[in-house]
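Visitor: Read top to bottom, the protein sequences are chains C and Y.
For the first sequence, numbering that gives the first Met the number 0 begins at 0 and goes up steadily by one.
For the second sequence, numbering that gives the first Met the number 0 begins at 0 and goes up steadily by one.
There may be inaccurate statements among the hints.
One copy or two, it doesn't matter: identical chains are merged, so the pair holds either way.
Straight-line distance between alpha carbons at most 25 Å, and here's what the computed DMTMM-like set of lysine to aspartate or glutamate pairs gives [stated by the list, open to error]:
no.	residue 1	residue 2
1	178	81
2	150	42
3	178	154
4	150	164
5	58	164
In short, the hints are calculated from the structure, not lab data.
Here the structure is a predicted model, which means the values were calculated and not measured.
Protein chains: 2
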Amino acid sequence: MENTVYLETAVTLAQQAGDIIRSRFGGDFERGFKSGPSDLVTEVDRQAEDLITTGLRAKFPAHTVIGEENDSTAGGQEPGDDYTWYVDPLDGTTNFVYGIPFCCVSIGLSYHGRLTVGVVYDPLRRELFTAELGRGTCLNGRPVRVDETRKYLSDALLVTGYPSDKNYGGRLSGLNYQKIIASCNNLRALGSAALELAYISCGRLTGIWENTLMSWDVAAGSLLVAEAGGRVTDLAGNPLELRRYLSIAASNGFIHNELLQSLS
Amino acid sequence: MENTVYLETAVTLAQQAGDIIRSRFGGDFERGFKSGPSDLVTEVDRQAEDLITTGLRAKFPAHTVIGEENDSTAGGQEPGDDYTWYVDPLDGTTNFVYGIPFCCVSIGLSYHGRLTVGVVYDPLRRELFTAELGRGTCLNGRPVRVDETRKYLSDALLVTGYPSDKNYGGRLSGLNYQKIIASCNNLRALGSAALELAYISCGRLTGIWENTLMSWDVAAGSLLVAEAGGRVTDLAGNPLELRRYLSIAASNGFIHNELLQSLS
Numbered sequence: 000m001e002n003t004v005y006l007e008t009a010v011t012l013a014q015q016a017g018d019i020i021r022s023r024f025g026g027d028f029e030r031g032f033k034s035g036p037s038d039l040v041t042e043v044d045r046q047a048e049d050l051i052t053t054g055l056r057a058k059f060p061a062h063t064v065i066g067e068e069n070d071s072t073a074g075g076q077e078p079g080d081d082y083t084w085y086v087d088p089l090d091g092t093t094n095f096v097y098g099i100p101f102c103c104v105s106i107g108l109s110y111h112g113r114l115t116v117g118v119v120y121d122p123l124r125r126e127l128f129t130a131e132l133g134r135g136t137c138l139n140g141r142p143v144r145v146d147e148t149r150k151y152l153s154d155a156l157l158v159t160g161y162p163s164d165k166n167y168g169g170r171l172s173g174l175n176y177q178k179i180i181a182s183c184n185n186l187r188a189l190g191s192a193a194l195e196l197a198y199i200s201c202g203r204l205t206g207i208w209e210n211t212l213m214s215w216d217v218a219a220g221s222l223l224v225a226e227a228g229g230r231v232t233d234l235a236g237n238p239l240e241l242r243r244y245l246s247i248a249a250s251n252g253f254i255h256n257e258l259l260q261s262l263s
Numbered sequence: 000m001e002n003t004v005y006l007e008t009a010v011t012l013a014q015q016a017g018d019i020i021r022s023r024f025g026g027d028f029e030r031g032f033k034s035g036p037s038d039l040v041t042e043v044d045r046q047a048e049d050l051i052t053t054g055l056r057a058k059f060p061a062h063t064v065i066g067e068e069n070d071s072t073a074g075g076q077e078p079g080d081d082y083t084w085y086v087d088p089l090d091g092t093t094n095f096v097y098g099i100p101f102c103c104v105s106i107g108l109s110y111h112g113r114l115t116v117g118v119v120y121d122p123l124r125r126e127l128f129t130a131e132l133g134r135g136t137c138l139n140g141r142p143v144r145v146d147e148t149r150k151y152l153s154d155a156l157l158v159t160g161y162p163s164d165k166n167y168g169g170r171l172s173g174l175n176y177q178k179i180i181a182s183c184n185n186l187r188a189l190g191s192a193a194l195e196l197a198y199i200s201c202g203r204l205t206g207i208w209e210n211t212l213m214s215w216d217v218a219a220g221s222l223l224v225a226e227a228g229g230r231v232t233d234l235a236g237n238p239l240e241l242r243r244y245l246s247i248a249a250s251n252g253f254i255h256n257e258l259l260q261s262l263s
C-alpha cells in the first residue's frame, strides 16, 4: 500500500523530468564535461535532477536521495538506512547529446537495502516501465515478462556497455570478449543501462552484462527485471548489492548461468 | 533531373514498405530462419521486399534489382551494367524480431557502378534520409551534414556490428578491438548498418566500421554519408566497391584516418 504512494510519486516525477528531456532532445543546449568527454553533463541533466530530487525531498523529507549530479548531498547516509532513492535523471546522456534517441529517466527506491519500487521512463517513445516488489512489472500499465522462449545463450540477444571513462583499466575489462560474442545470437550496445534493463524486462533483450556502473544506473532497472521473472546478479553470480560502483549481469534467467560462464 | 524521378520512386516505395513494418512492429508474425538464427527472415521482410522489387521492376523494367530476399533474381547481371538498385527492405531484422525500435528500409541506385540515389527510411520514427549525387543529403527534406565539430577519434561516438553468422571466423574479425575501443569517446552497436550510416550523415554518430556486410546494406547509406560531407572507404582506405560481401569504414571525414589506423 505504502509502496504505491512511492511508485505514484516516482512516476509523476519521471514523467515531468521526461517532458524536459523530450522538449530539448535534438536541440542546442549548454554542454559541460564531468569526469570525461563521454560523460557529458547537460543543462537538461541538471534540470531533470533538480526536479526529481526537490520533489522527493519535499514529499519524503526523511528519505535519503542518491543522484548522479548531487551525490554529495546524500549527506553521508549510507544505503540500507530506511528508505533510499536512487535517481538517474538522464541515463544515456551521451546518446542525448549526440542525438541518438535512446535515453531514459530512472528512479528506484530501496527499503533497508531491498529494492521496492522501480520506474524507468523513455520520454522519446513515451514508454513507462514500473515495478513494485512482489507485484510484477508493467509497461504503460500492462504486465510484461522477460523473454521465456530463448533458453540458451546461442539464441540470446545480449547487450553491454563500455565505461565512460576511457582510462578505466581496459574498457573490455579483462572479460573474454571474443568468447562471449561468439556464444550469443548477437550483441548490442545501446548506451543506456537503465533502459536496456527495462528492455530485458519486456523481452526485447535477453541479457546484459556491464562493469563500472553506479547504483543509480541499475536500481530501478534491476527491480524491473526481477519482478518480470528474470535474474539479476553481479558478475560473480552473487546477489546485486547497490554499491557506488558495481558490475551487473541480468537476464531472462534461463541463460543466466551460461552468460556468467561465458564471461568468466 | 532523371535522378529525381528515381529518388521519388524510391521514397514512395520506402514509405510504403515502412508502413508494413510499422504496422507489424511489436506484433506476432511468422518467423523463419535464413543462414543463421541471427538472420531472422520474417513475413514482413518478404512483404516489404516484394512491394519494393515489384514497384521498381514495373517502373524501370530495364534496371537490375539486387535485394536481400531474392538475390538470385538479379538474373546474373552484375553491378556496373547501367542502373542497379540495391534493396534492403528491412535492415535490422533481428532488432525488429526482438522488438528493439531501430530498423529501416534502404534503397540505393547506382549507374555504371557509381551511387546516384540513396534512401533510408526509419518507419518507427518516420525519419526519411535522402541523397542525390551532387545535391547533398536531407532528413525529412531538410539538409543535414556530418558532425564537423568532432575532429579527433577521442571525441568520436563510433558504432559497429557483428556478423549475423556466428560461425564467421571470429566475429571480432581479427581487428584490434581493445585498441579501437580505448581510442574513441564510446562505442555503440545499434543493429542496423543502413540506419547507422544515416545517423552519421546527420551527425548523431561520428564513424562506423563493419565487416561482412552486403552491398544492399550500405549502398544507400554510403551515399548519404558522402553527400553529407563525410568519407566512405573499405577498411584498407580504398574506395568502397559494391561487392556482394564487403567491409566498410565511414565517418565525418575528420576522424577517418585515425579510425583506419586504429583498426589496423
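Visitor: Of the numbered hints stated earlier in the document, which are not met by this structure?
Guide: Violated: hints 1 and 5.
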